[in-house]
Every structure is written in C-alpha cells, then in structure tokens.
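Colleague: As a plain string of letters, each chain reads:
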Amino acid sequence: MQVENKKEFQPKIVAFCCNWCSYAGADLAGSSRLAYPADVKIIRVPCSCRVNPMFILRAFQRGADGVIMCGCHPGDCHYTTGNYYARRRMTLLFSMLDYLGVEHGRTRVEWVSAAEGVKFSTVMNEFVEKIYSLGENVRLEDLRCKES
Amino acid sequence: MMYKIDQARLGELFAAIAEKKDLFLPVKKADQTDFALWTKEAEVDLDTLRTVKSPKDCFFPQSETLYNTSLEEGKLSIDAAALCDRDFVVFGMRACDVQAVKVLDNVFLADPVDTYYAARREHAVLVAGACHEPEETCFCKVFGIDAAAPAADVATWRVGEALYWKALTKKGEALSEVVKEHLTPAEESAVEEAQTQIRSIIDKLPYSHLKLDVFKETPMMELFDSDRWEEMYKPCLACGTCTFVCPTCQCYDIRDFKTKDGVQRYRCWDSCMYSDFTMMAHGNMRTSQMQRFRQRFMHKLVYYPDNYEGMFSCVGCGRCVSKCPAALNIVKVIKTMGGEG
Amino acid sequence: MQRELMNRAKELLIDETVVRVLGWKKGDLGYNHEPAYFDSPEELEENFVYDAFCGANLSKYMIEAGKQEGKTLVFLKPCDTYSFNQLLKEHRIKRENTYIIGVGCRGNLDIDKIKAAGIKGIESVDADGDMLKVKTVYGEKEMPFEEALLERCLACKGKTHMVYDELIGAGEKEEAGPKGNRFDRVSELESLSPEERFAFWRSELSKCIRCNACRNACPACSCLKCVFDSNQFDSNQKANADTFEEQMFHIIRAFHVAGRCTDCGECSRVCPQGIPLHLLNRKFIKDINTLYGEYQAGEDTDSLAPLTNYTFEDAEPGIVAERGRK
Amino acid sequence: MEVNQVQRIGVFVCHCGTNIAATVDIKRVLEAAAKEPGVVHAEDYQYMCSEAGQQKVREAIKEKQLTGVVVCSCSPRMHENTFRGAAQKAGLNPYMVEIANIREHVSWIHKNIEEGTEKAIILTRAAIAKVMLNAPLQAGQSKVVKRALVIGGGIAGIQTALDIADAGYEVDIVEKTPSIGGRMSQLDKTFPTLDCSACILTPKMVDAAAHEKITIYTYSEVEKVSGFVGDFQVDIRKKARSVDMSKCTGCGVCQEKCPSKKIPNEFNRELDNRAAIYTPFAQAIPNVPVIDRENCIKFKTGKCGVCSKVCLAGAVDYEQQDEIVSQNYGAIVVATGFDTIKLDKYEEYSYQSCPDVITSLELERIMNAAGPTKGHLERLSDGKAPKSMVFIQCVGSRCADERGKSYCSKICCMYTAKHAMLIRDKYPDVDVTVFYIDVRTPGKNFDEFYRRAVEEYGVHYIKGQVGKVAEHNGRLLVQGADLIDNRRILMETDMVVLATAIEPNPDVRKIATMLTASIDTNNFLTESHAKLRPVESPTAGIFLSGVCQGPKDIPETVAQAGAAAIKVVGLLAKDYLVTNPCVAKSDELYCNGCSACEKVCPYGAISYEDREVNDHGIREVRRVASVNSALCQGCGACTVACPSGAMDLQGFSNRQILAEVDAICR
Amino acid sequence: MGECTCATGTGNKKQDILIPMIGVITDIRTETPDVKTFRVVGRDGKKLFEHMPGQCAMVSVPGVGEAMFSITSSPTNTQFQEFSIKRCGVLTDCLHGMSPGDEVTVRGPYGNAFPVETALKGENLLFIAGGIGLAPLRSVINYVLDKRENYGTVEILYGSRSMEDLVQLKEIQEVWCKTEGVDVYLTIDREQEGWNGHVGFVPSYLKEIGFSTNKTVLVCGPPIMIKFVLSGLMEMGFKREQIYTTLELRMKCGIGKCGRCNIGSKYVCKDGPVFRFDEIDELPPEY
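Chains as they are written, first to last, in the numbering used here: chain A, 1 to 148; chain B, 1 to 341; chain C, 1 to 326; chain D, 1 to 666; chain E, 1 to 287.
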C-alpha cells in the first residue's frame, strides 16, 4: 500500500500481539519480508487475555486511531484458554464502544498463528486501510493529549 | 432603580449581554438544568428552582489547569495558565447561591489570595432571581437569606409577563447600562406583592424553622465527641454527591496529568467524604467514614462559623437534601444534633 | 406490611436471633427514607418505615454489617435479593451472619418523577392507592402511582426472592410484572446511526460530575479500592477534566460490572444528573444474553459469570461490525 | 513524559549487518534515544548479539551503572535471552532488559528509510518507557521429575523412548492401538535399500518392550495433562483390554475361535477382516489380544464367551474396567505420527467405487506376506494378477484447492519408485506407469534409486496429471496428460495406485490442546524455531518427534526422534529448572476476594485465604488471593478479570503496558 | 463547564501562589541509608526565597508528585535551602535517584515558624528529636547558634534507631558538639559496635538526664516518641505551654484552602505547622 499517496492524515495504530502466536506471526511476516504500513506499532503481551480494556481506551485517549488485538486461534492458546476469555471481553467492549457511537472499524480482533505471516501482513494492511477511510479518531480522544 | 423587560423578549436581553460578555445561565440539557454558556441554541430554563450543580463552577470550576510543565534535556519549564481576563455574567442565580459565593470568597480571597478565583470574581457580575416557587427542601431562611430579595449585583423578579430588574451594586449598574435599551423603567412596588407571597410560602416550608443555636452554644469538643455521629453516618455511601452539588464546598485536590509532551498540573474538586481525602504520606488522619462524615458537617456548622464571625458555610439551598443517594443531608444532621425548630 | 415487618424484627431482636436490624428509617419529608440500623425494639417502633419510598437496595450495606459481631437482619425486596446473591457469590458477604426477610414489593416511587410532573413543595405523599395523593405547600396534587414508578420497576424482574430466611408480604411464587421489555430502549439506541448514538451519549455523559454516587451505590461495585481511586492504571484522575474521562469512567465501570450487574437500577436512581446509566449495563446484559445465552446475575451463587466463562463456538468480536452493517 | 530519574538506561542499537542498518538510520535512532529522560548511554554496533556486542553491553552496565538496558535489534523471541544473560554477567538483573524489535517489525518490512527510522524510534521509546518501570525479578526453582512420557508408539516414539531410556531415565510410551509399531509396521519394504520393514522394526519393538526403563501403555490414551515443564501431571486412560496382560500367553487360540470374524481389519487398511478378539499383527507388542467391545457378541448380547472358554490361561476378563494411571513427568514427547488423507473429495479417481483403485499404503499391505493377499499382487475386484498398473502422484499433496493439502508429503516420490521397482522386479510382465508433477528425490542415494526404477526396471514416468479414472469393461480407463509431449493420454490399466497425501493423526489436535502446544493450519505441531529449535514445541517441556511435526521419511524420523530424546535427556539431567519470574502477583491491599481471577486461571495457580492485612492503619482479616508462582505460567488472564487491579503480571505490568501505549501514541 | 472562555490568555499571568519556582539541586548528601539532604537554589544560583525556621516548602517532580518538606537549613544561610528527605514513597524514591544538576519545582515557604524572634527569644531551649524529626529542628538549631546571643542555654537530645540512622551526624559532631554553651545528647535504640555513646530510647534517656523546667522545649519525631516524650516532660514538671512541635506532615496544598489540613477550626497550613501543645490540646484528635 502506498502510504505517500494518502492525504496528510497519519494514523496511529496500536497492535497488541500475544507472544506465542501473533507476535511470532509478525516476526514471520518480517522474516518473509511481507510489508504492511509503518503506522502499526506492536506491543507484545504474553497472551491476548492480558489485554485489559483499559489499555485499549488508553490508546485511544493518547491519540491512537485504531487498536487491533491479535492472539492465537481459538483452541490453540498457549495457555489453553486465554484467548477464549479475551474473545468475550473484546466482543463486549467493542460492542459497547459501538453503542456509544465510536466507529466499530477502529477496533478489531484477529487470530494469527505463528505460521501465518501472510495473514498478519494482510490483516494489518486491511486494518490500516480501514483506519485511513475512517480518518482521525475524534470520538474517543482526549484533547489534553493532542499536539499543542 | 427598577427596570423591567417582557419575559418573551429575554432572548434579546441574553443576546445583548452575550455580545459584550460571556453569559452563563441555567440551560437544560438532556433533561437536567445546569449553568452553561449561553448560545442561541441553548434551551434556557429559568423555571427550574435550582440547577443540579451550583453556579460555583463559574468561579471555581470542577477542574482547572494551573500550569503545564515540560522537561527538555534535563531543564524544566513552567507555563502557568492564564487568569480570567474577560467579564462574564452569571444570570439566574438564587439568593442562596449568591450567599454561597460569599462563603467561597472568605476562603479564596483570604490571604494568600487564590488568583484564579479572584480573577473570576473580579470579572463576574451576579444576576440573581427571586424564588417564586420555593420547595420543601429549601431552608435558606435559616441562614437569614431572603429568597425574595437576592443580594446579588442585579436582582430580578418574574411577575406576570415581565422580568423585573434591579441593580444593587456598581457592577450591577454597569450591566444595566450595557443592556439599558432592552429595559424599561418600572415601579419598585411592582415586585412587592410577589415578595410577600414568597416569604409567606417560605414560612410554611418544613425546614424553615430549624434552629442552629446549638452549634454556637455548645463547646466544639462536645459536639465533636457526640454519640450521634455514630448513629447518623451509617447510611452514607461515601460518594461525593453532596459535596459536588454543594455551592459552598471548596475542598480541592491538585493532580498531574501526563500530556503528550509534558505534565499538566490541574486542580479539581475533592470531597472530604472520600476515604482517601486525608490519605497522605504519613497515613490517614480520618480512617473511618464516621470521622469523614463528621468532618463535613462540623466544618459547615462549627469550624467555618468559628473562623468567619458566625457565618455558616451552608446556605440552605437544599441540593444535598434532594440529591443524596442515601437520603442523608445536613438538615437531618442539624435536627439530630439538637437543632429542631 | 410495615407493622408486620416491624413486629417480626422486634421478635427476632428480643429472642436474640439477630443483634441488629438493617431497614429503612422514616425521613422527615415523607419520601426521604434512609437506610438505617436498629439495635432495639424501641428504635424500630419509633423510626422504622416500609413503603414505596424504600427504594434503597440494602444489599451493599451488608458488606459492612457482615463484618460486625452477631447476625444482622436485613429486609430485601425481590430485586435486592439478586444483588445479595451476587455479593454472596463473590464472597463479599457472609451468609451465616445474615438473616434475610424477603419483603413484598409493589414497586418503588421516583420522587424526581413526581417533581417532574410539576408537583412542588411536597409535605407528604400518600401512596396507598392507585393514585398518589400529594400534599404540598401549593395545595393537594394527584398523580397515578404507575407514572411515578422508578425506572427499574418498569422492568421488574419479578416478585420472587432469590434468597431469604423468611418472607413477609410476598407470595412464594408471585408472578412477575414486567411493564415492558427492558431492552426496548437499548434496541432503540442500537438502531440509531453511530452519529446519533454518539450525540446521545455525549449529551448524557457530559452531565456527569464524577460524584461517584453510581459507583458507591452499586452493589456490584464493591471493590475496596476502585481503579478510579488508585494508581494501578494511572486512572485516578478524580475529575472529568476532559470529555474522554467521562466516557472512560462509565465504559470501564460498566465493563467491570458486566456479567455481575443484576440490573438493580441503583446507578440510575442515585445519579444526581439523571443519566440513564442503566442503559449501559443493560447493553452488556443484552449482548451477553444474545451472544452467550440468557444469564441473570444473582439468580444463583455458583454459576460461572459470562466473563469468567467461554465456549469454543463463542461469537467473534467481528460480530460487532457485522451487526453494524445490517 | 515519565520522569523517573532513578533509572539509568542504556540503549544499544544493532545494525544486524545491513539487515537493520539498510533501512533504519541508526544514527537518528541513537540520537532520539539519547534524548529520552533516563537514558544515560546510547551506542550502536554491527552485531549486538555477537560476543563483542555483548561485551559492549556488559561494559556499559558496569561503567555507567546502568539500571536498565534496551536493545534495539531483532525479535525478542530471538535474542532476549542472549541479552538477559549478558546483563546478568555484568551484575544487572536479567529482567531489566527490554528489546525493541526493529528488524522483523521494522527494517525487514519498511523499505522507506524515513518511515523505518521513525518507527524504530517510536519502538525504542516504547521499550525505554517500559524498562523504566521494570523491576528486578528473581527466577524461582522448580524440581524436575526424572521421567519422560512419549505419546505415540511408532518408530518415532520407540526410538525416542529407547534413546532416553538408554541415557538412564524412565520413559513411558502411550500408544492408542493395541500394539506399538505404528505406520512402519504396516510397510512392506523401505526405500532406498529395499530391506524389509518388519525386519528392522521388530527388534526395536522388542528392545523397547524389554528395556527396564521403559513402560509401555498400549491401548491407552492421554486423558488429562496439567502442570508444566519439569513436572507435568498426566492421567493416562488404559482402556479395558478385556484380557489380563499378566495371564495371557499369546497363544492365539481365542482369535481363531472367535465367532465374530467379520470386522474390518484396520491394520490391513480394512482390506480384509479380523476377529473381535485380536492382536493387530503377528509381531505385535505386547502379544496380548484385545476385545473390540463394539463388535464382540458377548458384549453386544451377553451370550457367547467362547474366548473365555478356550483360554487355558484364564486371561479373558469381561469385567475389566478402564483404568486411569496418574503419573508425573519432567518432559513429554509428542510422536503421534500420521495418517493418509480421506479421498472422498476426489471422485475423479473413483477410489470409493473401484476396488482396483487403491492407496499406496494399501499396496504396501497387499505386497506384504502377512497382508490380505498373502503378498500376491492381485486385483481386489477379481483376484486376477494385473498386467498393467498406473501410479498417480501427489493425490492431495501440493494441492491448490481446499480438497487437499498445500504441502508436499515428501515421501511419495520415493515410495512410488520403490513400489514400481518392486513390482517390476517380482512381476516383470506388469507394465508400470507413473504420473507425476515433479519427481523429488533429495536425499542420500535417492535420485540413484529413482533412476534405477526408470533405467533398470523400465518404469514409465509421465510428467502430467490424471484427470479421471473410470471403470471400463472390467478394466480401468485412465485419462491424463503428458505435459512434456503435450498430448492427452487415454490408457487402460488393471490397477491404479494413489500416492495419497499424509496428514497428522487427527487426534493430535486434542493432544496439542491438552499440552498447550501450538499447531499450524495443517495440524502439524509447531516447532519453537523452524531452524534452530526444530524438535522443541514453543511450550516448554514439550518435544516433537516424527511426522507430527512435518512430513518425513523413516531415517529423518529416527534422526529427529534421537534429537528429541537428547533434548529430553538434557532437561531431565537437571535437578531443578529456573522458573519464569514473569508471573502474576496479587496486591493484598487491593484484593476484594471475589474469586474472579481464580475462575479464569488455567493452571489452578490462584488460591484464597483469610489473612490479616494492614490497610494504612486499618487492620482486618480479609479474604485475599495468592498466586503459586511455580504453577503460574504468566498468561495474565487473572489481571483482566480483576476489577480493582489487585492482580498484576510481573514483567508485563499494567503500568508497563500503559507506558508502552503512551510512548507509541506520543 | 468546559466552555468557559473567560481566560483569553492575553497577557494576564499574575503568578498564583500555587505556581512553583524551578529549583536546581546543587548538592546531595547521603545522611543515612534512607535519608538524603538536597541543596536547592534557583536557576540564577541564588536562594529561592527567604524563610523562617520551621517553615515548609512544596517540592515536586512533575508527573511524579509533590510533597511538603520542612526546610532544614537555617534562614541565616544566605546561599541556599536544604531539605532532608526520607525515602518513603514514589516521589521520595524519585528524588533519591536524582543527581546534582537535576531540576525540581519548589513553592513556598508555607506555614508559620517556630517563634524564634518572639516567644523563644531569651529562653533556654531544649530540642528533642527522633530520626528524621531532626529535619525541621535543625533549621531552628542553626538559627539559634548563629544568633547565640539572643538565647539562653541550648540543649539537644537526639536519638535514632542506629548510628547509621542519625541524620546530620557530621554537623552534630563537628559543629554543634563543639559550640560553647551547647549540650548535645545522642542516643541510639540498640547496642552497636563502634558506638560508645548512650543506648536507649529518647523518652527514657530524657528522664535519665532529667532536665530542669526553666526552658522551652521543641519536639519533633515519630508520633510514638512524641507521646512518651510529652508524658516524660509532664512528669518532670514541664507545662504544655512550654512545648512546641510541628505537624507539617498534615500539610497538603500549603495555603490552607484545599481542606485536608483542617483540624477543628485550625488549618495546619495557615495556623501551623508549629503548634504549642496547649493549642493542640484544644483541637479534635485528628492530627
């Protein structure tokens, strides 16, 4: 994707990736040279179940335009059940954000295994594309954290 | 000098004020009325007896930035927030609200002066309305406040189709001057009947005859050590509702917020009802809710009057009476402590 | 029924089954009854009240009461028992320190609704019949009982007590009296455009003064130290210094009680700004019911809460976007 | 701005040769890092992971009294431990090291220097923000149970078990079927030497059975696994055999006398039948039959009992119950092997409808002297000897659509050459044609083997695919294409052999879930590192042996089995393991005692107790959570279940992650 | 009410008392394992402000926190202010990690002071301190020593847990002990190698020494010590009017407005932190 062609909006995207599958998947995307936009910054967590809704809201508060969480496929969690809990938590949280009128495209969950470098890259490309189409996050922003 | 304006033309009056100054007045938003900046679209609500939040926000906002700091290569810089430098009008206050501002003045204007508050006070013109339909939760009379004649910069009455307007101070007169083309002179006597009416209703209100002598006559430590606190505090949920709707509560906290490139130090309302209010490095001076509950009322009814010539830091607005989730309030405290009228 | 409850409480105090009674104390305005402890038959005789203004849910007080020596008698309305059960489940209350009298309930009244109907200067309210008779300083007024019901009573969960030692004034299996689908308003909001929803919540939440009444009254918010008062997440900002804080506080609060909220409605009842906070909780309840199966918190004390449970086939978070497209 | 000036941070930026330096402006990263509050040292080096690079880290820690280290390099999954080790050598707590992944996540994917540099700076800042909040962690110890479990009793499992046992450790083999031996026991001959499979396998099976350190649980399955590396608790279900292993002499009379003999014989790929009481094959170990209760008349109707009557040893026991054996293990090896894929989606080959279309594995059985045809090559439809045979390669392998597998099954080219050669050798009059996409013969003596098939044995190899196989006048009509001559081929033949793709044993999914070992989209178990840790699963203490990890032939399987064994031996040789200190921790002052954390913990690591706590002067007994750090694996599920934030995860604490979020969004 | 636009930001920036100054740390001395003394001046290298002994100042690291510390240096020092700070929380942890040249913010001075120019003038003085409690008294002691002629006898009784925990030991030994007309009594809680001075708690040492009552006492230390020192002094015949202490730990905003320091009708920030015990006796016991 050609970032340069877009207008000046440069989204900030936070990706929470579980250590065992998705972070490894991102590593594989890297070693396979599968590009995705640099707007995506990955935070490594041990498991998707480590991702607290607080983190997601904090990212938006601090100016993120999109937050994506990646974990092992259901059934493949390194810790057996972590992603099941994460799945429920995120489903409910995203539903609530949507209910409050925050664009649902700003949040996403994807299951990416350590072997799915291609998927990781594809998902990130899609997600960034989506965030570009949504534009800047203004509904969950904190004005104090804006560029002064 | 008494003036009047047709109530139907209040919009014009507001627009005229807003042209020169910021205008705050009771605005209905999502079914609740609070003071807000006037705009053409705002749904002005002068009928609601009292706003949920008192107008103390206008002088002592719930949250205000004091200064920003940033650190660059080991060097700190401090950028203080600007002080209020633009006149504003608070329209639609009540007599109790006006008295509450005096209570706040005693605290914030005492040495060392709080310049943020002082600047706002300096630039503020208070326009208050008489309470034509006081409610059962009102007890301003107990504090010697006359709801029929609010002691603001400008007092107003709504009688018939007209709003009567009378400047009581120089600031008030200056404001009258600004809007004089919208006002027409009127008789002083036009509001007298309404005043009598108001006073007679107030006399009938259930709380109007509370007696506060007990707080002046009893030694402080006797009140402090009373067993009644233990009975009273229990339903208290330790929320801050009473504090935040109270027009005279002025406790605050100073906190830091990490912004993008620095730290914003801001001040925000705090409540002595909160369990961590007195939590400091060495420990907590008031560890039980009873102590915190007692502090709030002792402060309003004993400590404050002790410092300010007998003036209570309660104005009988009744906000806590109607808003406490557990139906506790200062009236119950006064009565329990022996202040029944 | 007030007399009956009072007499029974006196008996239990006298025969030392309980050492204190947690009930409601008569207010001085006829409608402002407060939760209160009674230690003696005399106190009960003097101040005990039970009528349509005893809305306060006493379950949460049992956390503190339960820590004291001896048994506490508590009066619980049918919906209060859900909260009590939920607290039992979370080990916040000791059942053995509690004696529960389940009390019958015909719905509680919302004084703000009475006032909103233009009734001012209230001296007393007679709520015995289908019409409320209100004496005011401005003369006598009337309004239908039904129209002054608290929001939560409009979506009554039923008249059955989930936990009790004895019942007074309540049938074992009285029929529920739901006045409407409690999710109607949620569905209505869901059907709006995101822009409209955003505007709705912005205008509601902007009223929030962060007084914590919702949190402190909520039986599910029973944390000793709330995250918004602690530094665990850097989240003790104390004031809504920015609009974001308003959203953050209420989203997280609703999330923390998701699957634990019994929909008791205390949050909306106590909000001084009349924010319909129950609509946040009900959204979660509705989602949980549709996505993970019907679940009523407080119905029992041993089932797994929806957020501490899962199935392999659970809906994917993407369902939010899919629903959005419909 | 996190101004925590207690910390003294050193930032080390690796060029990774040109891997990073080519698309990230290292100098700018250094400059930006140096400006961050708390950073007192920043330097770069060609290869930070090299000894010289590590030396730089160690020196800086000592000279600048660093309290935290950020290395901007490749993925932490690669070298986090390297740099932790370096820090430790210099006297710094190893958990005061954070890695900013500027290779896999930056330089390798962002070709624009501007973009890459900017992102590298942000990731570096995030790592600095995190390390500022790191706390020194002390790894604990956990004991190692000196016993290993091998799941699967095929050649991979047997070899692994033998190697571990030979090193002196106890090993248990759990095998689902009544006998060990696995797929290899079904094979007739093996490539490229053409020696008899049973001849080389049977001695190994006997060795395993006789080895004093090896316990074999056949007809058994792993039921439950808990615990962690060094001490897994495993429940093994020993299915009721209905025959007492201690009494049975293996005489075989029961199998002969059993009246229920019409049961498809799994061992012979259901090409013939077996009795309800049976041993799968003659050399089975243990040589003790089992009763297939689903097909046994006694179990179905209550009448019969012939086997019991004929058994002189009195070994038949209809009352036998499943038995659960609970055992602790220090390590577990998965050797669950493979099966061929189902061909129901390949209608064009008429496998379902024509008995003369068979799979290669079926051909193995047909060629085997103990097979359904006693080793005679004959058509299953009419028992006639074929005159012509067609082999079709890559049936379901290297498949683009969803019917088959995307991967190459690796062994088919060689065994097809073997089959062709054997047939031409034994039945020179049979014409053999092989349709192939590519012939892949990397391996010692493999290509020579294939060339012999073509050159010496006259096997026809046609590059091309077969589009359809259909019955035609009692024979089979094969429609295919010759891609080299670019012509359509239509030929009649007597038998068609399909080189069916192999896939991991379907049970592996269940086992992987129990072991929390990860699995890829093809159900192959994932290795910890494709190149450097090919026999370890990412889950500590779980090792991979054989085809469960990926397609392999026998020598490769045996080699990997040995490799897995040595890894196990290396683990079991330790008395204690250092435990991961990144575990959950509950702050008793914040804990509500609500048990939410307990309910989501997959390891049962959280327990509750009533304890007196001193909450800023208020002393009271509270129900509070505590974490068993030996059981906790650090997933963090509890931290989110906890509403008050009492539960936090060391090394990935709430405030650390928030600091990263803040730094990234700055 | 976020809409307020009354501050246009044009010029009007009269400094509020809550706006701090920037202080530069010029020297850090390690006194004990958990106490360090910080020397602070303004950016211009000069003293930040003038103060009187017993007054406090708010020291803050933005983003970490702010806290009130008593000024340990004497007003007679014209170069700088000093703060002796015990490590006990997030902010003090952070301060302890700082190095000379680092900057903090300082506002103050706040509160009243020991009445060195009024009530204490001409009096015999007895200073009793425990642990970090010496910090506020050190300011008075040095003030008194610098204006020796204004006061009568000076006696100092100071104790701590161990030898290492005695704050300002160097100054005590090299300056105070050597000043004429000053008697210094040191004690530590438990026997320790290398210590040949007195061993025992401050209150018991106080009774052992047995001071005459013709003096004014200034006490500061942990609450438990104060309690026993007070009863010891009472036994010895002192009156509560003769004893001063400081409640500076109760100060928060520093100006008596935020509400935390309110005890009865008093505000520690305004009416204190220095109180005479007879004044404290009139307050509700919430300090």
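Hint data in this document are derived by calculation from the structure and do not stem from the laboratory.
Just to be clear, a hint being listed does not mean it is correct.
[As the list claims (entries may be wrong)] Taking beta-carbon pairs under 10 angstroms as the criterion, some of the chain C residues facing chain B (in silico):
| id | residue |
| --- | --- |
| 1 | 28 |
| 2 | 141 |
| 3 | 204 |
| 4 | 212 |
| 5 | 213 |
| 6 | 242 |
| 7 | 310 |
Cβ atoms here follow ideal geometry from the backbone N, Cα and C, with glycine treated the same way.
Colleague: Now tell me if each hint is right for this structure.
Modeller: Status of each hint after checking the structure:
1. 28: holds, 7 angstroms
2. 141: Where the cut-off is 10 angstroms and the nearest Cβ of chain B is about 13 angstroms from residue 141 of chain C, the hint is violated.
3. 204: Given a least distance of 5 angstroms, the restraint on residue 204 of chain C holds.
4. 212: holds, 5 angstroms
5. 213: Constraint on residue 213 of chain C satisfied, holds at 4 angstroms.
6. 242: holds, 9 angstroms
7. 310: violated, 34 angstroms
Of the numbered hints given earlier, the model fails hints 2, 7; all others are met.
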